[in-house]
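There are 2 protein chains.
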Amino acid sequence: MNRIRIALIGYGNVGKAFAEMLLRKKDYLRETFDTEAVITAICTRRLGGCLQPEGIDTKALTDDMFDRSLDALAIIGSGEYDVMAELTPIDIMTGQPATDHIRKALSLEKHVITANKGPVAWHYRELRDLAKEKGVSFCHEATVMDGVPVYNLAKENLMGCRVTALEGILNATTNFILSEMEKGVSFEDAIQEGRRQGFVEADPGMDIDGWDASAKLTALMNVLMDVQITPMDIRRTGIGEVTPEDIEAAKRQGKRIKLLCRGWIEDGKPVGVVEPALVEEGSLALTMEGTASYVTIYTDLMGGVTVIEHPFEPEIDHTAYGVLSDLLRILTDHSRSVQ
Amino acid sequence: MNRIRIALIGYGNVGKAFAEMLLRKKDYLRETFDTEAVITAICTRRLGGCLQPEGIDTKALTDDMFDRSLDALAIIGSGEYDVMAELTPIDIMTGQPATDHIRKALSLEKHVITANKGPVAWHYRELRDLAKEKGVSFCHEATVMDGVPVYNLAKENLMGCRVTALEGILNATTNFILSEMEKGVSFEDAIQEGRRQGFVEADPGMDIDGWDASAKLTALMNVLMDVQITPMDIRRTGIGEVTPEDIEAAKRQGKRIKLLCRGWIEDGKPVGVVEPALVEEGSLALTMEGTASYVTIYTDLMGGVTVIEHPFEPEIDHTAYGVLSDLLRILTDHSRSVQ
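Line by line, the protein sequences are chains X and R.
Position 279 of the first sequence, counting from 1, maps to 279 under our numbering, and the rest follow consecutively.
Position 107 of the second sequence, counting from 1, maps to 107 under our numbering, and the rest follow consecutively.
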């Protein structure tokens, strides 16, 4: 049996759910890939690093197993893994330190999975080219719409198609807030409820101001339309100015207000827009409730193709599945190059 | 440069659009796969076969280039191709003669692409296993939702997920008829309009009676849920009994009538249902206009994921793209085994 060693840089909800998923799909991995997946390193900002080349029993993990002097770059530099999963919180304004983590792992010829969209929004082309040069994979399916395979759908399953435009709702927090406000819930109470359900961050400012959606649109455009933009290039308006009166007025016309993301090419240049938009009765965007999201990919050979992520279910971690799906892809593509 | 030789069994709208697409994407094929795709055989029921191992100039094809004595099995038996594309009209009740065509080509160790759903609905497991035994590909992406990658999405991009249920609108003709009836157009006039636009068949009986949708649901369940059913196993009700009054009554409640397809496992057994159903305001099914279709794939690790095919655009042949996408997949997976 083969063995694939994984380093988790960041160990919050996604990292923990991913570790559980690995245990749950142990038999599947053995039967399908003749492989055992072991976590050999875990790193958190608060506790430092835990490095056990023979494999960490994540169920028995305790704080005293961490070494404060082992930071992320030290763990990554150790090379005691085949795949580095970058799961740290995003800094949307810089894509750091995640980009440095990824650069280092790729330069050591390690496969990389990132659930952090910053590096894809800020440095996609450089990281893609570095991975190619080193003969390893750079996977980022979980960065947009969690585990919904939007990148792979377009890159592999719409092969030969040229992507001409993108449209979607990409931020769950704002869509949830707008959905709640339609029910008469206040902006603040909607945020509280989202926090209670676990998907709204302590500081949702980046969501509300449209930065998260802009980073996702940027990532999608960089990868699928082969352009080179940053979140700063998106024409961005958040939902902070949307009032209950606006929402009521829309409702009376059978419409809804949604934070729409759109990208296209105009006069040879990429244009990206994130803004609250009135969506019409009968439109797909109108049906997106709560934490649902979607993207429509417009192409030359197939017209528009849409994928939808349905509202989160409490017992399923969609982002952790995105990380797992990238791992399965690496196993499929490189099954001979792991231990 | 490599050369991949294609035999087209059936040469109607899809075959012709596919041949045009190959010419249009000639540079892409050369740049991406270092490959030239040539059509070496074309077979039609009316004219017989045209076999030119050096490659057929499809733009200059005339009736006198066909040999009436060369039928489909003779063309397939010639072995003068690497990929056989089965594009004959479907016989939903038997899956023949398409299944025999595919069996013969696979047994000669040729890759097969089918746009004909009959063989997938009736004999999927046998054909899949035969292809595996012979080390070739059996591709059928165009059989459901045309070129929308529903099979590949579930098999490759939702890897590791168990598919627990399926739901969708899979038949464009009936969805178009129902949409037209909502506008006050009669059943008969809607059929005429669909024929004029080119997507409704001369005899749409198989669509109206729900057989086409049943065959597609069967194909999806066989492939994605690894069951072994036939279209006869589907609980099937067509739209023949739906009256303008039913549609009006639904409309008054903000609802619509749609031919819904649903499949799931109950007490360990596969259950498939195709029937006209009242869909509610705010539901995804409600937004499916005209020739649009969708499928939602329910899984253990990702909840529901939906893909949508948007209404046909006159200048795009979605089915032909499905055939092309299968060809690109074969080139990706077997690039060393073609000439």
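Incorrect hints may have been included.
Note: identical chains are not told apart, hence a pair may lie in one copy or across any two.
[Said to hold, decoys possible] The calculated DSS-like cross-link candidates involving lysine-lysine, where the alpha carbons are at most 27 Å apart (straight line), are:
1. Lys183 / Lys16
2. Lys59 / Lys269
3. Lys26 / Lys132
4. Lys134 / Lys104
5. Lys183 / Lys255
6. Lys134 / Lys183
7. Lys269 / Lys25
8. Lys132 / Lys25
Simulated from the structure, these hints should not be mistaken for laboratory data.
We went through each hint and held it up to the structure:
no. : hint            : in the structure
1   : Lys183 / Lys16  : neither (34 Å within a copy, 52 Å between copies)
2   : Lys59 / Lys269  : neither (50 Å within a copy, 36 Å between copies)
3   : Lys26 / Lys132  : between (29 Å within a copy, 25 Å between copies)
4   : Lys134 / Lys104 : within (12 Å within a copy, 43 Å between copies)
5   : Lys183 / Lys255 : both (14 Å within a copy, 21 Å between copies)
6   : Lys134 / Lys183 : neither (52 Å within a copy, 59 Å between copies)
7   : Lys269 / Lys25  : between (44 Å within a copy, 24 Å between copies)
8   : Lys132 / Lys25  : between (29 Å within a copy, 25 Å between copies)
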